[in-house]
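Peer 1: If you read the sequences in order, they're chains F and X. Under this note's numbering, think of the first position of the first sequence as 43, with each following residue one higher. Under this note's numbering, think of the first position of the second sequence as 43, with each following residue one higher.
Don't read these hints as lab results, they were simulated from the structure. Mixed in with the good hints, there may be bad ones.
Identical chains share a label here; the pair holds if one copy fits it or two copies do between them.
Straight-line distance between alpha carbons at most 20 Å, and here's what the computed EDC-like set of lysine to aspartate or glutamate pairs gives [claimed, not checked]:
1) 235 - 245
2) 285 - 232
3) 241 - 196
4) 235 - 196
5) 84 - 58
6) 84 - 101
7) 235 - 113
8) 285 - 231
9) 285 - 260
10) 123 - 83
11) 285 - 233
12) 248 - 232
13) 198 - 163
14) 235 - 200
15) 268 - 218
16) 181 - 218
17) 87 - 101
18) 138 - 101
Number of protein chains: 2
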Amino acid sequence: MIKIGIDAMGGDFAPEVAIEGAVAALKFIGKDSRIVLFGDEKRIKELITKYGSSVANFDIVPTTQVIEMGDHPAKAFIAKKDSSISVGFRHLVEGKIDGFASAGSTGAMMVGSMQVVKPIEGVIRPVLATLIPTVSPDKGIQRAVLMDVGLNVDAKPEVLAQYGLLGSIYAKSALEIENPRVALLNIGEEEGKGNAQAKTTYDLMKGDKRYNFVGNVEASYIFTSKISDVVVADAFVGNSLLKMAEALYRINFRLGGGKRPSLKRMLRPVLERIVPKLYWQQDFWDSMNAESVGGLQVMGVNAPVMIGHGSSSARAICSMILSMERDIKSNFPAKLREALKESAPAEAEA
Amino acid sequence: MIKIGIDAMGGDFAPEVAIEGAVAALKFIGKDSRIVLFGDEKRIKELITKYGSSVANFDIVPTTQVIEMGDHPAKAFIAKKDSSISVGFRHLVEGKIDGFASAGSTGAMMVGSMQVVKPIEGVIRPVLATLIPTVSPDKGIQRAVLMDVGLNVDAKPEVLAQYGLLGSIYAKSALEIENPRVALLNIGEEEGKGNAQAKTTYDLMKGDKRYNFVGNVEASYIFTSKISDVVVADAFVGNSLLKMAEALYRINFRLGGGKRPSLKRMLRPVLERIVPKLYWQQDFWDSMNAESVGGLQVMGVNAPVMIGHGSSSARAICSMILSMERDIKSNFPAKLREALKESAPAEAEA
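Chain F with its partners taken away, still in its complex shape (with noise of 0.2 Å):
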């Protein structure tokens, strides 16, 4: 049995969308899946009941207290004993329930992550990875892992050198990628390019036989599947991407690339099967979509969590629980312990 652990509070929008959300996962997740709310036990049931469900198709932790956007995430998580983050990560760590995500204080998610699941031993920072879609003439979308996207600025080349071994056991076994290809995001392909950060990262990366590196990738190529299956980046360049991405998206959808009604769009389960690029553009930019994204993993704790977007929507929230599951199932954070139990990384070469 796969416990889904969801913060049913976290969020802009919550305790709502994350009710509706989880309803809406209900028809995806396997059978041998069950979804774990914390919140406000009233709230939840009544919310079950709107939202068409019944209350038997989840497990429900009533909590009394909510960790707020304006709160110290630190001192919150201490002090709010109740919250429902705070008692998501505890029966997380007492493996209750196999996995934790939430759209709420990204704060309060990172000091459980840190400090109540806790960084798995060889680690040497944990890191906020996401998952984007890239595009290939003859495979269509497919996605890649986009990390460091917020969590460490002026990272040291050890760390994100480490971070192609934590995205390599990911993409590996979540994304089922055999032999993943890490590559560093740089400003030109060639070996020796660069800032100080990425020439030194580079050696230290092309001397860690543990994955598959395969050179530097510049952000022209991180969204077709050429050369990449995981893009190593300092958080200031991953997090300006990302938002970069999601504003383009944004953008797009808002000049008129959305998903108004269309006869093409009517049309697509007959001519998907004649023509499927007529909807490639269609999936890239819904891949694009936050929405569709679900969260952002932590990656390098022993444990999986995964923040939403504040603003997430009952689409984002199932879109999260649906990659929890996915996560969970990945049995990630054990690989990644025995790949670091297993060996250290080879001395970079000259």
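Use these hints to put chain X onto chain F, whose structure you have.
Peer 2: The following block gives chain X in isolation, referenced to the frame of chain F:
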């Protein structure tokens, strides 16, 4: 008389597309403007005729050599004294032309900018800038300056802070924005966010009263006109953002967002007057197209210099010529010299 110097031999498809683009540009440049072509005289004349224009419409400066992409830029610049780029820069510094643009070797163009035209006194580091489209709900598509998009990585905070002045004067003189809002690209809006470089730069920019510093801008907002007209970033980040934007343009185009004939497009002249917003998506992505931007500005040197994509098409060359004409008319380098003489930055507030 404005003399627009163009390297007829620069770029992957030169001289063909260079001349095709120059002939196309004739329709759009002012009566007082004249295009001066540097390159193989015989070929240039043949191609002018081929593309349906008359040799009398251009000035031609015959050159016999070409700096190739494989050449070492600094060495080739000196060794190939009669190359189109070397001769172009000599003409520029002697005032025989008012600006020089090429889609050829970026390295050689930088050598010419730094060693022949030379940085303006007081400019710590010249910088590569580009125009990006911004969209706003009321004004449609406008433009902003993004800099540095490729020159100085690991830039000192003083260097970044000075970009603000360069960009502000450029936006005022070339884009006719009255009081350009200058922002620092960062991963959070609030003061104190970001990496070490951004934090120190913020303080310096805040203390510089010669331009209108409006604080941090996240990459989410650089394509809206909400926050900034000038976006300052380290070259590592700026280059990555630009490359990603161009890539998303290409992906969007290839996946079906391109200019395929459609009823809506054919009806554009009529519909545009009634519902201009119908075309904002198309216009936005068109403006994102490197072909309509023309090239990157080398800012901070004593004359307008522009570097086009190696893969420039005739349309890109035409845009480059028109952008160069605009930059020449802006008299930007003289205004920057003036500003640097007049004032020194106030000390940064602690």
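Peer 1: Now tell me if each hint is right for this structure.
Peer 2: Comparing the hints with the structure gives:
no.: 1; hint: 235 - 245; in the structure: within (11 Å within a copy, 29 Å between copies)
no.: 2; hint: 285 - 232; in the structure: between (26 Å within a copy, 16 Å between copies)
no.: 3; hint: 241 - 196; in the structure: both (14 Å within a copy, 12 Å between copies)
no.: 4; hint: 235 - 196; in the structure: both (18 Å within a copy, 12 Å between copies)
no.: 5; hint: 84 - 58; in the structure: within (12 Å within a copy, 74 Å between copies)
no.: 6; hint: 84 - 101; in the structure: within (13 Å within a copy, 82 Å between copies)
no.: 7; hint: 235 - 113; in the structure: between (42 Å within a copy, 18 Å between copies)
no.: 8; hint: 285 - 231; in the structure: between (23 Å within a copy, 13 Å between copies)
no.: 9; hint: 285 - 260; in the structure: both (17 Å within a copy, 7 Å between copies)
no.: 10; hint: 123 - 83; in the structure: within (16 Å within a copy, 81 Å between copies)
no.: 11; hint: 285 - 233; in the structure: between (27 Å within a copy, 18 Å between copies)
no.: 12; hint: 248 - 232; in the structure: within (13 Å within a copy, 37 Å between copies)
no.: 13; hint: 198 - 163; in the structure: within (18 Å within a copy, 36 Å between copies)
no.: 14; hint: 235 - 200; in the structure: within (18 Å within a copy, 23 Å between copies)
no.: 15; hint: 268 - 218; in the structure: within (17 Å within a copy, 41 Å between copies)
no.: 16; hint: 181 - 218; in the structure: within (15 Å within a copy, 46 Å between copies)
no.: 17; hint: 87 - 101; in the structure: within (11 Å within a copy, 80 Å between copies)
no.: 18; hint: 138 - 101; in the structure: within (11 Å within a copy, 80 Å between copies)
Violated hints: none; the structure is consistent with every hint.
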